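Start from the sequences and build out the full structure, keeping to the hints where you can.
Chains as they are written, first to last, in the numbering used here: chain A, 1 to 124; chain R, 1 to 124; chain U, 1 to 124; chain V, 1 to 124.
Everything labelled a hint here was simulated from the structure, so no lab data went into it.
Note that the coordinates shown come from a computational prediction; the quantities given were computed from them, not determined experimentally.
All C-beta atoms in this analysis are idealised placements derived from N, C-alpha and C, irrespective of residue type, glycine included.
Be a bit skeptical, because a hint or two may be false.
[To be verified] Residues on chain U that point at chain V, a partial pick, calculated with CB under 7 Å:
| id | residue |
| --- | --- |
| 1 | A12 |
| 2 | D13 |
| 3 | L85 |
| 4 | D88 |
| 5 | D107 |
| 6 | E111 |
| 7 | A116 |
| 8 | T118 |
| 9 | W121 |
Number of protein chains: 4
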Amino acid sequence: MPAPGRTVWLIADGFIPDRSTGPEPEMLSHETASILNAGETDAHVEMTVFFSDREPAGPYPVTVAARRTQHVRFNDLSDPEPVPLGTDYAAMVVSDVPVVVWHTRLDTRQEANALALTAAWPAD
Amino acid sequence: MPAPGRTVWLIADGFIPDRSTGPEPEMLSHETASILNAGETDAHVEMTVFFSDREPAGPYPVTVAARRTQHVRFNDLSDPEPVPLGTDYAAMVVSDVPVVVWHTRLDTRQEANALALTAAWPAD
Amino acid sequence: MPAPGRTVWLIADGFIPDRSTGPEPEMLSHETASILNAGETDAHVEMTVFFSDREPAGPYPVTVAARRTQHVRFNDLSDPEPVPLGTDYAAMVVSDVPVVVWHTRLDTRQEANALALTAAWPAD
Amino acid sequence: MPAPGRTVWLIADGFIPDRSTGPEPEMLSHETASILNAGETDAHVEMTVFFSDREPAGPYPVTVAARRTQHVRFNDLSDPEPVPLGTDYAAMVVSDVPVVVWHTRLDTRQEANALALTAAWPAD
Numbered sequence: 001m002p003a004p005g006r007t008v009w010l011i012a013d014g015f016i017p018d019r020s021t022g023p024e025p026e027m028l029s030h031e032t033a034s035i036l037n038a039g040e041t042d043a044h045v046e047m048t049v050f051f052s053d054r055e056p057a058g059p060y061p062v063t064v065a066a067r068r069t070q071h072v073r074f075n076d077l078s079d080p081e082p083v084p085l086g087t088d089y090a091a092m093v094v095s096d097v098p099v100v101v102w103h104t105r106l107d108t109r110q111e112a113n114a115l116a117l118t119a120a121w122p123a124d
Numbered sequence: 001m002p003a004p005g006r007t008v009w010l011i012a013d014g015f016i017p018d019r020s021t022g023p024e025p026e027m028l029s030h031e032t033a034s035i036l037n038a039g040e041t042d043a044h045v046e047m048t049v050f051f052s053d054r055e056p057a058g059p060y061p062v063t064v065a066a067r068r069t070q071h072v073r074f075n076d077l078s079d080p081e082p083v084p085l086g087t088d089y090a091a092m093v094v095s096d097v098p099v100v101v102w103h104t105r106l107d108t109r110q111e112a113n114a115l116a117l118t119a120a121w122p123a124d
Numbered sequence: 001m002p003a004p005g006r007t008v009w010l011i012a013d014g015f016i017p018d019r020s021t022g023p024e025p026e027m028l029s030h031e032t033a034s035i036l037n038a039g040e041t042d043a044h045v046e047m048t049v050f051f052s053d054r055e056p057a058g059p060y061p062v063t064v065a066a067r068r069t070q071h072v073r074f075n076d077l078s079d080p081e082p083v084p085l086g087t088d089y090a091a092m093v094v095s096d097v098p099v100v101v102w103h104t105r106l107d108t109r110q111e112a113n114a115l116a117l118t119a120a121w122p123a124d
Numbered sequence: 001m002p003a004p005g006r007t008v009w010l011i012a013d014g015f016i017p018d019r020s021t022g023p024e025p026e027m028l029s030h031e032t033a034s035i036l037n038a039g040e041t042d043a044h045v046e047m048t049v050f051f052s053d054r055e056p057a058g059p060y061p062v063t064v065a066a067r068r069t070q071h072v073r074f075n076d077l078s079d080p081e082p083v084p085l086g087t088d089y090a091a092m093v094v095s096d097v098p099v100v101v102w103h104t105r106l107d108t109r110q111e112a113n114a115l116a117l118t119a120a121w122p123a124d
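If you want it as structure tokens, here you go:
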């Protein structure tokens, strides 16, 4: 079986809440791109971040080894620049081998956390 | 690469809660259609809103510039008419170039917010 | 354009919480199959409910008029039998014309509500 | 009609919270792979769990009878080994007949539960 997945994934609704309730890093409000590489070849991934009022940021490089998953927090991206909090954004994830990408938001602005997750949208 | 995405997206479960807890506009109960235009051409988008007991409302025009994302709050639509709160609805998003559309609901009717998001369903 | 959508949709994770916090019917724990008929012909829909330990229940008939959406609460199904609370189930939605189906759960067992929604899975 | 569904499903964002608030087993923080077998033949399913820093675990065998659904809690998997709490993971579900797989997380680390669900991603 070839590696399951696709090579281009889109996330249209990005937003990292700018406040948090509870202990860090676990309960810090955050967003994640979770990448599964179920294949036998390491995946070299580039993430690009889109905004409403400026040119995109990136690329942010990530390597996901064969038969591994990486849950990448957008909060932790720093090079070439951090992703601003409390700001509408979107993202594109491009890999050199097929992977599967999901998107998750943990929102702890109020006293009990809210959670949302869904598969990213495969463009190819 | 052609612009990633599709040109017709459907949202079947729309509902804007009619009460909120917490500071506006951030914690106002709302629903969003988040549109990513990762391509090199501006997207001219029209949104239509469907109801259970009357003819659809719209079209609501939105422009999403090339390499930009717009997170459109259904609460903010006003022309030709506002989207009523506390009412079951659905929506169709049609673009002249490929885009990606996601749907998000923030529900702050009770003391801590609830959150749900998913990709809209591409019809073409 | 033909009516957008598909004619067979599957929901794999059904579960209606058996307790609620807050005023009914709004905050009653519930699950919904939201059906959008964006086409020009009325949709005659049949829903079937699957369980872990018994034969399926149904069919439950629903009509969704042309250019309308119906958000059908599983809690309200009664003929041929109600859907039990606090019980794992799944569902299949079959329509005679293309529609789009999403699934939503509102869980108010604890003091602030939780919410999840996603598109059902189109099988045809 | 052949059985609706696919035979390979991927879950990219797995994470079982390691704390809970409320009565067990109902409100225990957990993740579920909900499998619907709407066809006429029993499904023999194997689940594999992927991690960020070690080789995958499994296979975990599950049988889903014809016309039945099984909501499998990752928390309950024990053979060949349990799935660790508070740890990033991902999963692959492979069936010998078509099924539909969804993924759900219930997070009760804080005082009111959070909930997320989505369809897994079909690879074939």
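Hint-by-hint comparison with the structure:
no., hint, verdict
1, A12, "holds, 4 Å"
2, D13, "holds, 4 Å"
3, L85, "violated, 12 Å"
4, D88, "holds, 4 Å"
5, D107, "holds, 5 Å"
6, E111, "holds, 5 Å"
7, A116, "holds, 4 Å"
8, T118, "holds, 4 Å"
9, W121, "holds, 5 Å"
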